[in-house]
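*Asks:* The lines below spell out each chain.
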Amino acid sequence: MSLSAVRSPSASNRTGTPSWRLLTMTSKISSNKIAESLQIQFISEIHVALSSTEKWRAVAVQTWPSLVALAVASLAGLAVVALAGHSSLDAARIMFEGAFGDRYAVTESLLKSVPLLFTGLAVIVAFRAGIWNIGADGQFMLGALVATFLGVKVVWPSPLLAFAVIGVCAFLAGSLWAGIASALREWRFVSEVISTIMLNLIALQLISLMVHGPLQEAAGTYPQSDRLVEAARLARWIPGTRLHAGFLLGLALCGALWLLLFRLPLGFRIRAIGQNPEAARFAGIPVRRTAVMAMLLSGGLAALGGYVEVAGVTYRLYENISPGYGFTAIAVALLGRLHPLAMIPAALLFGGLESATRALQRNLGVSPVLAEIIQAFVILAVVGFEARRVRQWLGRRRGS
Amino acid sequence: MDLNLIESFLAAGVALATPLLFAALGELLMEKSGVIDIALEGKMLAAAFFAVLVAYWTQSPALGLLAGMVAAVVLALLFAFFVLYLQVDQIIIGAGMNMLALGLTGVLYRELFGMTGQTITVPTFSAWPVPLLRHLPVLGRSLFQQNILVYLALLSVGLVAFLLRRTRFGLYLRAVGDSPAAADAAGVHVPRIRLLAILLGGLACGLAGAFLSIAHANTFVEGMTAGRGFIALAIVIFARWNPIGAFFIALLFGLASALQFQFQAFGVALPYQIVLMLPYILTLVVAALMGLRATPPQALARPYFRE
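Going line by line, the protein sequences match chains S and E.
Take 1 as the starting number for the first sequence in my numbering and just add one per residue.
Take 1 as the starting number for the second sequence in my numbering and just add one per residue.
Just so you know, these hints were derived from the structure itself, not from any lab.
Errors might be hidden in some of the hints.
[Stated by the list, open to error] One side only, chain E facing chain S, incomplete, derived with CB under 10 Å:
no.	residue
1	Glu41
2	Met99
3	Leu104
4	Gly114
5	Glu222
6	Gln273
7	Leu276
8	Met290
9	Phe305
All C-beta atoms, glycine included, are put in the ideal place defined by N, C-alpha and C.
Could you put together the complete structure from these sequences and hints?
*Replies:* Now the structure itself:
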């Protein structure tokens with residue numbers, strides 16, 4: 001996502017960062033084309049160097065397309081409800097109360113946003129690197145699968161050890177799953193769109209196989225696993241609600257990812273190969289290795305989400321463990337304009353949407369896949385706003 | 001091995017290959033024109049749903065088919081608006097369209113047919129055996145005792161091949177996909193050619209989706225396309241953008257899917273989940289083996305901006 005609204009070139013005070021050094025490096029190569037294409041890269045760097053009023057104006061300019069997109073999507077959702085023969089006003093009220101009506105509803109909405117924080121971050125890392133990882137869903141499932149296996153079959157001496165070991169193993173499982181797609185992409189030139197979707201479908205069957213087989217509960221009644229042992233579960237931090245430590249972990253990771261993407265060399269390389277792989281290669285960035293790193297990180301983050309969901313909320317594995325979190329995450333990430341911090345409100349909102357559509361199902365019997373329609377419109381609207389034609393049209397209006 | 005078993009296996013394989021073939025041919029035309037559409041799945045799903053809906057209301061599979069094609073073409077038009085007029089990223093829009101179709105069909109299905117758990121059945125295209133050819137050994141039953149859509153799919157292979165290689169439109173299509181700037185300079189209207197390709201792709205997805213619901217399963221199930229749109233996407237690459245190749249690879253995938261009905265008959269006890277995984281695993285394995293040699297149309301997935 002380009003930050004074309006911010007065009008001020010006043011960023012000379014940032015010579016110390018590795019990214020800046022890279023710019024001087026590219027100018028040494030003295031190819032205009034390369035410098036030009038990398039220039040786009042630094043617009044986001046400049047963002048930081050602006051004075052605070054300029055910065056807030058920039059933030060406002062950045063935010064309003066997302067807000068309009070949300071409005072469009074909400075109206076579309078309500079229109080579908082109206083088409084289905086219910087009162088839109090009633091639906092809007094039920095949805096709002098379902099998501100934010102009382103303290104419990106709010107914490108439930110926050111709870112529903114946790115998997116979206118993790119999968120949203122996964123999508124951000126991949127998309128920033130120019131990799132269309134549509135497979136966060138499958139990576140999430142792999143994380144949940146590995147976490148359940150370790151949480152059910154192993155006797156843990158302490159919760160902290162369980163957290164560390166299961167967390168790392170889940171991360172690695174997701175990395176492995178994404179790594180398959182990454183290897184096919186980098187060495188066999190197979191589109192990651194196809195491979196990640198195939199891996200999603202395989203993961204779905206793998207979970208089904210496990211909960212009907214080796215991981216099925218001892219009672220043998222339902223296709224689900226036994227409950228995780230106490231030590232493997234995540235602590236709840238607000239008594240009387242189901243909100244768990246995974247939420248805090250998710251927020252912390254958002255901060256960490258911001259640091260990685262905008263303050264560390266690896267993050268700079270990830271963004272560089274996403275913006276213009278050709279220019280990045282000329283600038284000496286190992287494109288293939290960076291792409292693999294981004295994908296492994298992406299898969300690992302999504303898988304952590306699966307672990308947190310199992311260890312914090314469900315305590316069990318079952319076939320429907322992910323109602324499409326990996327796809328919702330695409331809408332979340334785009335709404336947050338592929339920024340790890342701006343994504344947080346988007347994830348919270350979509351957590352609320354999840355609660356809202358469930359309330360709608362309880363009260364009016366509307367299928368919760370309504371959320372999919374709203375998410376789809378969010379994607380179409382956000383991307384539509386990025387279009388050159390739309391921006392030119394808006395620019396003309398503002399200029400006149 | 002029993003000849004009867006082989007015949008029914010082949011027949012099932014051809015039937016399962018049909019929606020893949022339709023969708024793959026549609027995608028092939030689009031990709032040849034430089035447009036990548038990952039929303040085959042969504043268009044097939046919408047077509048499957050509306051085909052069942054109209055076939056259920058009118059008790060006519062032909063009208064159902066028509067409705068399915070219209071639904072897919074409407075989605076194709078929406079896709080074209082974003083891709084050709086707004087010129088935004090084709091992959092993201094495709095992902096959004098897939099979600100839209102999944103949500104729309106899911107909500108409408110629940111509203112219209114309730115959650116009784118009772119599956120609706122609709123009138124379907126009955127088999128139409130080809131005179132004479134149906135008496136051929138083995139091939140007769142698998143290829144020539146199918147319904148009319150299967151023949152249409154087979155015919156489309158030749159049609160697409162002819163269109164691409166022997167017609168002016170085909171030449172324009174390939175030019176626009178390989179070098180839009182050159183085509184533009186030669187007086188070809190790039191967006192118009194791409195729009196035609198997208199509409200043809202929509203029609204093909206409509207046929208694929210309608211086939212699934214009103215010529216194969218006789219009902220609609222939420223998410224019934226089950227990744228077939230993406231397998232079709234892969235088939236195009238494996239076939240290296242060649243319609244004849246697409247036919248053979250679609251057939252391979254159809255046969256792999258048909259295995260699930262055969263394992264029991266052959267007395268092989270595999271968990272059904274493994275059997276369901278087979279086409280997906282096959283896709284990845286074939287991709288790993290063949291991916292290296294694929295060379296897509298030069299301008300694939302790139303919006304064309306006039307200088």
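*Asks:* Can you list which hints this structure breaks, lowest number first?
*Replies:* When the structure is compared with the hints, none of them turns out to be violated.
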